[in-house]
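This is what each chain is made of:
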Amino acid sequence: EAGVAQSPRYKIIEKRQSVAFWCNPISGHATLYWYQQILGQGPKLLIQFQNNGVVDDSQLPKDRFSAERLKGVDSTLKIQPAKLEDSAVYLCASSSKTTGTEAFFGQGTRLTVV
Amino acid sequence: SQKIEQNSEALNIQEGKTATLTCNYTNYSPAYLQWYRQDPGRGPVFLLLIRENEKEKRKERLKVTFDTTLKQSLFHITASQPADSATYLCALGGSSNTGKLIFGQGTTLQVKP
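From first to last, the protein sequence lines stand for chains A and B.
Here my numbering is used: the first residue of the first sequence is 1, the next is one more, and so on.
Here my numbering is used: the first residue of the second sequence is 1001, the next is one more, and so on.
In isolation and in its complexed conformation, chain B is listed as follows (with noise of 0.2 Å):
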């Protein structure tokens, strides 16, 4: 069955670091892969999508990577900022015409000041 994996245990840094999290999945071809942040008690906010043909996406302080044959993507953060202190969440789209996205648990982030 298709399967998603993310750092269980949460990530806990010092402010100025990079923060690298990871996705890992099995059993399946997305044709794309999304990261979204989630506060305590607020519904999950977009931050980037990366499609299979492409290697690397950033946006500001965020890079994302997508290597499909290892069939893994990291989310790095730079600079990090205790405002950056959230549950990030890893989603792949399906490669059928149905856009479902499935979900991995989440990574907590935790950066100290």
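Here chain A stands alone, though its shape is the one from the complex (with noise of 0.2 Å):
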């Protein structure tokens, strides 16, 4: 089966510019995450959709990040406006349930606000 696809890979901006990543889950998935991974850190959960509902979003810098899950399928993470500090990989996962299974990982997109 595919795995989760994610696009750009790497993407460049300035400081004060807007990015957009996208997501595509494995099919019939129907839990979403997105996770920042700064540089020698773990994972920070940053939004976990259910379908197209958010389930937890308790840590995404809501003045800053906005996301959403069209049809509970495809989702996009966009940031605006991007500081320095967002520089990090940014993660998205699916997992076939909501709780108590293992979370599929695409590569990433690797961002860097210059």
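Any given hint might turn out to be false.
Restricting the straight-line Cα-Cα distance to at most 30 Å, the calculated cross-link-like pairs of lysine-lysine (DSS-like) are [unchecked claim]:
(1) B:Lys1055 / A:Lys44
(2) B:Lys1059 / B:Lys1071
(3) B:Lys1071 / A:Lys97
(4) B:Lys1112 / B:Lys1059
(5) A:Lys97 / B:Lys1017
(6) A:Lys78 / B:Lys1063
(7) A:Lys15 / A:Lys78
(8) B:Lys1059 / A:Lys44
(9) A:Lys78 / B:Lys1003
(10) B:Lys1055 / A:Lys97
(11) B:Lys1071 / B:Lys1017
(12) A:Lys97 / A:Lys15
(13) A:Lys15 / A:Lys62
(14) A:Lys44 / B:Lys1071
(15) B:Lys1003 / B:Lys1057
(16) A:Lys44 / B:Lys1003
(17) B:Lys1017 / B:Lys1063
(18) B:Lys1063 / A:Lys97
(19) A:Lys97 / A:Lys44
(20) A:Lys83 / B:Lys1003
(21) A:Lys62 / A:Lys78
(22) B:Lys1003 / A:Lys97
(23) B:Lys1112 / A:Lys97
(24) A:Lys11 / A:Lys44
(25) A:Lys44 / A:Lys71
(26) A:Lys71 / A:Lys11
(27) B:Lys1003 / A:Lys62
(28) B:Lys1063 / A:Lys44
Worth flagging that the hints you see were computed from the coordinates, not collected in a lab.
Given the structure is predicted, the values throughout are model-derived calculations rather than measurements.
Fit the two chains together into the complex; they arrive one by one in their own frames, and the hints show the way.
In structure tokens, the structure reads:
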């Protein structure tokens, strides 16, 4: 089966610009996660969707970050405006159930804000 | 606040030995715990899941223990190989129905031939 697809793989932007990341989860997976991974750290959960509803977004900086999941399938994560500290890898993951099962990760998008 | 701690220093071992990685947590009651492997430039890959009512889980050369009293999980790789060199992440699954997965910072394992 196809894995989690993310694009772009790399992105370089200037601070205060906006950027968007796209994720296509594994077919049939109802749960979708967006994580931020800063170099040398573990992934930090930004937002979790169950179908097209938000289950948890407690660590999403809502003044600059937004995410949506259209029709319970693809998802986009947007940053506007970007700050230097947003430089990180943004990982998308999906799982077949809400809880108690493995998450499948995409390769991530490496964002550099200069 | 919830905290997950893994060995911050890299673990260097000789090929053929057993590698043991530690995951400690505080202020949390996970329903399950997972271990992932992450190679440079790649997303994490799932290895094992162990539930709160299980003491030990094995898969090939991998073994995971889960002690909810000590709030600790140990991850063992027996007969380690240079190909096992990677960063290993533990993740806690919430006891609620949200399935929120919280990750530790990871431990880098280097297996020398």
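Taking the hints in turn, this is what the structure says about them:
For the hint pairing Lys1055 (chain B) with Lys44 (chain A), the CA-to-CA distance comes to about 27 Å; that is within 30 Å, so the pair holds. A C-alpha spacing of about 22 Å is found between Lys1059 (chain B) and Lys1071 (chain B), which places the hinted pair at or below 30 Å, so the restraint holds. Distance hint between Lys1071 (chain B) and Lys97 (chain A) is fulfilled; the C-alpha atoms sit about 25 Å from each other, no more than 30 Å. Between Lys1112 (chain B) and Lys1059 (chain B) the CA atoms are separated by roughly 23 Å; this keeps the pair inside 30 Å, and the hint holds.
Distance restraint check for Lys97 (chain A) and Lys1017 (chain B): the Cα-Cα separation of roughly 36 Å exceeds the 30 Å cut-off, and the hinted pair is therefore not satisfied. Restraint check for Lys78 (chain A) and Lys1063 (chain B): the C-alpha separation of about 39 Å exceeds 30 Å, so the hint is violated. With a C-alpha separation of about 14 Å, the suggested pairing of Lys15 (chain A) with Lys78 (chain A) holds against the 30 Å cut-off. Among the hinted pairs, Lys1059 (chain B) with Lys44 (chain A) is consistent with the structure: their alpha-carbon atoms are about 27 Å apart, no more than 30 Å.
Under the criterion of a C-alpha separation no larger than 30 Å, the hint pairing Lys78 (chain A) with Lys1003 (chain B) is consistent with the structure, at around 28 Å. Annotation: proposed proximity of Lys1055 (chain B) to Lys97 (chain A) holds, straight-line Cα distance about 23 Å (limit 30 Å). Between Lys1071 (chain B) and Lys1017 (chain B), the direct Cα distance comes to roughly 26 Å. Compliance with the 30 Å bound is thereby established for this hinted pair. Taking the CA atoms of Lys97 (chain A) and Lys15 (chain A), the gap is about 37 Å. The hint is violated against a cut of 30 Å.
Pair hint Lys15 (chain A) plus Lys62 (chain A) holds up; C-alpha atoms about 17 Å apart against a cutoff of 30 Å. About 21 Å separates the Cα atoms of Lys44 (chain A) and Lys1071 (chain B), which keeps this hinted pair within 30 Å; it holds. The hinted pair formed by Lys1003 (chain B) and Lys1057 (chain B) meets the criterion: a straight-line CA distance of about 23 Å does not exceed 30 Å. Taken as a hint, the Lys44 (chain A) and Lys1003 (chain B) pair is honoured in the structure, with Cα atoms around 12 Å apart against an allowance of 30 Å.
Of the supplied pair hints, the one linking Lys1017 (chain B) and Lys1063 (chain B) holds, its CA atoms being roughly 14 Å apart against a limit of 30 Å. A hinted pair counts as satisfied when its Cα atoms are at most 30 Å apart, and Lys1063 (chain B) with Lys97 (chain A) qualifies at roughly 24 Å. For the hint pairing Lys97 (chain A) with Lys44 (chain A), the CA-to-CA distance comes to about 20 Å; that is within 30 Å, so the pair holds. Proximity of Lys83 (chain A) to Lys1003 (chain B) is assessed by CA-CA distance (about 26 Å); at most 30 Å being required, the pair is judged to hold.
Pair hint Lys62 (chain A) plus Lys78 (chain A) holds up; C-alpha atoms about 10 Å apart against a cutoff of 30 Å. With a CA separation close to 25 Å, the supplied pair Lys1003 (chain B) and Lys97 (chain A) stays within the 30 Å bound. Between the alpha carbons of Lys1112 (chain B) and Lys97 (chain A) the distance comes to roughly 38 Å, so the proposed pair goes past 30 Å and is violated. For the suggested pair Lys11 (chain A) and Lys44 (chain A), the alpha carbons sit about 20 Å apart, so the restraint of at most 30 Å is met.
Using a Cα cut-off of 30 Å, the hinted pair Lys44 (chain A) and Lys71 (chain A) holds, with the two alpha carbons roughly 25 Å apart. A distance of roughly 26 Å separates the Cα atoms of Lys71 (chain A) and Lys11 (chain A); the hinted pair therefore holds under the 30 Å criterion. Taking the CA atoms of Lys1003 (chain B) and Lys62 (chain A), the gap is about 23 Å. The hint holds against a cut of 30 Å. Between Lys1063 (chain B) and Lys44 (chain A), the direct Cα distance comes to roughly 25 Å. Compliance with the 30 Å bound is thereby established for this hinted pair.
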